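Modelling step: build the complete structure from the supplied sequences, incorporating the hints.
For reference, the chains in residue letters:
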Amino acid sequence: GAGVSQSPRYKVAKRGQDVALRCDPISGHVSLFWYQQALGQGPEFLTYFQNEAQLDKSGLPSDRFFAERPEGSVSTLKIQRTQQEDSAVYLCASSQGVLAGVGSYNEQFFGPGTRLTVL
Amino acid sequence: DQQVKQNSPSLSVQEGRISILNCDYTNSMFDYFLWYKKYPAEGPTFLISISSIKDKNEDGRFTVFLNKSAKHLSLHIVPSQPGDSAVYFCAASAPGTYKYIFGTGTRLKVLA
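If you read the protein sequences in the order shown, they are chains A and B. For the first sequence, counting from 1, position 34 maps to 34 in my numbering; every step adds exactly one. For the second sequence, counting from 1, position 58 maps to 58 in my numbering; every step adds exactly one.
Keep in mind the hints are simulated off the structure, nothing from the lab. Since the structure is predicted, the reported quantities are computational estimates derived from the model, not experimental observations. Heads up, the beta-carbon is just placed ideally off N, CA and C, and yes, glycines get one too. Mixed in with the good hints there might be a few duds.
Stated by the list, open to error - Straight-line C-alpha distance at most 27 Å; calculated DSS-like pairs for lysine-lysine: (1) B:Lys5 to A:Lys57; (2) A:Lys11 to B:Lys71; (3) B:Lys68 to A:Lys57; (4) A:Lys78 to A:Lys14.
As the list claims (entries may be wrong) - Covered by chain B, according to a simulated footprint, are these stretches of chain A (three or more residues, beta-carbon under 8 Å): (5) 41 to 54; (6) 108 to 117.
See below:
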């Protein structure tokens, strides 16, 4: 079956531009996560959706970052007025369950990521 | 504050030998640990996990060991194969939560 897909795969933006990154999770997955992975670092949590509800946005670095999942499936991460420090790979993950932990039900499946470069 | 640490950024191992990747954590509430493998231009893929009620979990060539008192886990790959060359991330979660905390990764290179 289809996995998690993300588009675009690569995005180059000029500083100050707005960008929108899309995530198509696995069909039927309740949970959706956005992570930011800077060069040489591990994925860092940005935000979490359970269906259409954004339950945790504690990892969003500033109010320039906004995420939505209006119908509980596709999600968009929007970054306004991009800065050079926003350059990173943005990863989306989805899972059937609502908790991390034991069981394939809770396994997070990752998309290939969108590499954002801000010039 | 890095709650999950992978202190070795890279590791090179000869094909057929054992690869040992290490991970340390600071949060004693963590009760579930995973290893993810990542190839270039792909997302991380789940490899193996362990619950804190166990100290070892094995899946084919991959074994994860957990030492709760030392807050340390390790991934053993035996025998190592060139296709194992990738970046390996350790991750952890606490009970009742939904997010994983990732380490910074170790790049494994298996030499043919």
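List, from low to high, the hint numbers that the structure doesn't satisfy.
2, 3
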